[in-house]
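The lines below spell out each chain.
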Amino acid sequence: MKNSTLNNSAILFFTVLMVAVIFCAVTSRNYQISNRATAGKVMSDAFVSYESLYYDYLQNIDHGTLLVDLRQPAYYDVSHLEGAHNIPFDELLKRNHQRKLKKYDHILLYADQEQLSVAAQMVLLGTGIENVRVIPGTFASIMQYVVETFDPSKAFYGEDKARWDHQRFMPIGSGETKAQPERSPSREIRETGAVIGGC
Amino acid sequence: MAPLIPQGIINPELTLFFALLLGIGFGYVLEQAGFSSAKKLAGVFYGYDFVVLRVFFTAGITAMTGILFFSYLGWLDMNFVFVNPTFLYSAILGGVIMGFGFIMGGYCPGTGIVAAVTGKTDAMVFVIGMFIGIFVFGHFYQSFESIYTGHFLGNIFVYDSLGMSRAWFALLLAVVAIMAFTITQMIEDRINKVSPEQIKTRPSYMLPSFLLVIALVVFLFLPEERRSNMREARPSELLAQVHDNEAYISTHRVILEIKNGRDELILIDTREQSEFERFTLPGAINIRADEILQRHWRPLFNQDHRQKVFFGNGNSSAMQAWFTAARAGYDNVYILNGGLNRMFSELFVDAEMPDTTAYNLQDRSNARFLYEARQFFLEGGLVDEQADRRQRIKAPEESEIIPVIGGC
Chain A
95 MKNSTLNNSA ILFFTVLMVA VIFCAVTSRN YQISNRATAG KVMSDAFVSY ESLYYDYLQN
155 IDHGTLLVDL RQPAYYDVSH LEGAHNIPFD ELLKRNHQRK LKKYDHILLY ADQEQLSVAA
215 QMVLLGTGIE NVRVIPGTFA SIMQYVVETF DPSKAFYGED KARWDHQRFM PIGSGETKAQ
275 PERSPSREIR ETGAVIGGC
Chain B
97 MAPLIPQGII NPELTLFFAL LLGIGFGYVL EQAGFSSAKK LAGVFYGYDF VVLRVFFTAG
157 ITAMTGILFF SYLGWLDMNF VFVNPTFLYS AILGGVIMGF GFIMGGYCPG TGIVAAVTGK
217 TDAMVFVIGM FIGIFVFGHF YQSFESIYTG HFLGNIFVYD SLGMSRAWFA LLLAVVAIMA
277 FTITQMIEDR INKVSPEQIK TRPSYMLPSF LLVIALVVFL FLPEERRSNM REARPSELLA
337 QVHDNEAYIS THRVILEIKN GRDELILIDT REQSEFERFT LPGAINIRAD EILQRHWRPL
397 FNQDHRQKVF FGNGNSSAMQ AWFTAARAGY DNVYILNGGL NRMFSELFVD AEMPDTTAYN
457 LQDRSNARFL YEARQFFLEG GLVDEQADRR QRIKAPEESE IIPVIGGC
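Residue numbers (the working numbering), protein chains in the order written: chain A, 95 to 293; chain B, 97 to 504.
Chain B on its own, in the form it takes in the complex:
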């Protein structure tokens, strides 16, 4: 489902509109948390106010818990979520510069703008300084480039670097955050000389912390990804379908469709791409078994009224594809019985002349049908008219991944 824009649920043209809404929301939260005051922000360095740490840590672990569960439940596709790549040198240097700027100016960039908007003169000077910095960096970018792009580590995750599992790292981070909240509160109280009576009347945050830990402990016991969902077919149903030969479509049916140029079947070539490029049946598209579950094929398989026919050289690759599609709950999927090997031997290799002497009328009509089809194909019946008679099935284009880079 989410993220909403790359998945096409929200029109991409509205990106900037939503950026504005989110920006206003973010600014509002920063202002309400008291972050338009340099005194409050710098308090974290002097020990009298740790609200910055608490707000950002809370936001971080709440978002983390949400993302972990949402991606497990299939509500959020992590493939579409942009992971900020790590450039080690610029991360270290940028961190140092930002720290200095923070302690000197009393603001970080986002809070600087919030404070400037609320009319704080020092913040306006800070924002001007920020723009001078941006200008200098942009103007002398080429001198900085080697540092800026130095030591590229890719899209790495902390838990991978530490060699931990994602779930354990999340739990550990939440516990560290809760401990940090407690300890910083104690430091704050000592520096501000808060009386024990006041501490007693303070609201307790036990319940949210407790629920957070419970949720992450539950997450420890969940598998890496969901093994199945309610749309999927049961193993026993699939087994029965294969056993009762319900999964097959005959070569004659497919030959008839190709010869008459109709579009009732969706032909899906399950062979390797190199084989597909050399030859495929007219109008076929190439989807291998491991590509079937890709999201952009979903509309194709959801056309319930059309029969989707998998074919390979034999039956095996088609069976792999069929099984994957049928397990995913797609209806009306079939295997071309015998694949291209059988189709071509029936059509071109096995019988040279129609057996007009056969006693059984069905056999005679089959032989006649195959004979006509053979003549049609051998004479290049598909060559000229192919472009007109078959509309090639188009896959929807791969959704754009719109990386949104942000941070504070």
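If we strip away everything but chain A, and leave its shape as in the complex, we get:
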């Protein structure tokens, strides 16, 4: 091979890679953690239980922990958890709030709807604030089961638990047997075949 051909192909290869990297950097959104990593993280460790909230956080107030109240200021002014800091949900991305949140080792979120805390957690994870967890339930349920009197039967309360026996109300399937819905097809993995080569 001529030396100039080698040099030109090296320059071409290098240029393509660098242009692609620069393009990626320019077109990327303002996230610090990838979507896949965020989804994996919330699936593994999203919530703090009421038991842990009561014994670990509310009993001994730790200065590395920040309680965040995501409700609107009007509700916050009426009542809020002791030591909680008010960041309304729609202002989460404001720079001064972000700066404050980054200072803490642990952040616990609560709102008047559980899913708003979950959404807030995912927004914060995306912006690189990693130690965020959600207090399950709503502000009202936290007050009722944890703050006023701690109710051990609600130690692992969550809005996302089934409240009804679904099959009893809405029988699905054929015949008398309780038919099991098909398994999700996503989990059927075909056997892999191998092509063996070599030189």
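These aren't lab readings, by the way, just hints derived from the structure by calculation. Predicted model, so just to flag it, every value in this text is computed and none were measured. Don't take every hint at face value.
Stated by the list, open to error - Residues on chain A that point at chain B, a partial pick, calculated with CB under 10 Å: (1) A119; (2) A133; (3) G134.
Each residue gets a CB set at the ideal place from its N, CA and C atoms; glycine is no exception.
Dock chain B against the given chain A, drawing on the hints supplied.
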């Protein structure tokens, strides 16, 4: 995008055709590099010709740089790339046997065949010897099996064993390769007694080496994986959608769809698989938040004209799934407002009789609707006709991973 065959871009039936093309290309490169000559190949052991080391090292680091960048840029999915598993005993023993064979015959297996094809008699004898070896190994495989499969270490990587990061290892390997090229060239020149004038007229490889090092230094500063791409929605957009309640679909709409057996909604159960197996809404499929980004669900989410509805028991798991899907840039995704808990309490638990005395006509019609739906479900309206009225949404089958084992 790549690898092309497992991703379905190239028909898998053409595998062997492409194997033939690549084989011809590989043979051509080996021949052009001069590897059909045993003298040239064995030169590496005697110090008069290091072209073998240079060719294979160059190929290795070029491929490495390409793979690192391509996988970072999303052009190559490393999950589909076969990593040769390490069996320590057979690797050591095989290396020793191959080394002996190489020094005695003057060829390695691939170059042996290239040389035999170009008409070298010694290479033909070498290839016959190779086939005898294959036959003996195959015939007495059971005696060798414990060695062959001994000390299995899995799909390990050198950088993991060394406790280094991938990027640093790549840079280190490239620097080692460039140093090896320089040093072996000096050894070669001394043994062949090349005059300084000749060395001066030799082409310089400074530019490619320099670009390689620069590229790998750039790679050091890139994160492990890309954090976002241009299809993704911005955090502020997602926040606004949740805040303005644009992410929700009402329980009534979903009840209506289920009752009438229409297929306008794609119902996606975001609960755990055990809960899904116990009960799910008719026609629903089970995808948890961390499974949404799997490649084989992409065609499902790309059906822009159908509304994709996530539901869990409450709203939280559906919100996790919705957020992941919406961030990934999928359109027309919604959360069943209140999840199964609210749907079942509205339908079956809260109101026993329709409130026909309500003043507001909308309330009365809602109550009537819920009453009819309740009767329909309680009487097992879904039981008999379910099979006919709903086509279960099928996920495409998981792509096959076709491992291609090769090496020289």
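Against the structure, the hints:
1. A119: A:A119 check passes; min Cβ-Cβ to chain B is 9 Å, inside 10 Å.
2. A133: At 4 Å from the nearest chain B Cβ, A:A133 passes the 10 Å test, so the hint holds.
3. G134: 5 Å, holds
In this structure, every one of the numbered hints holds.
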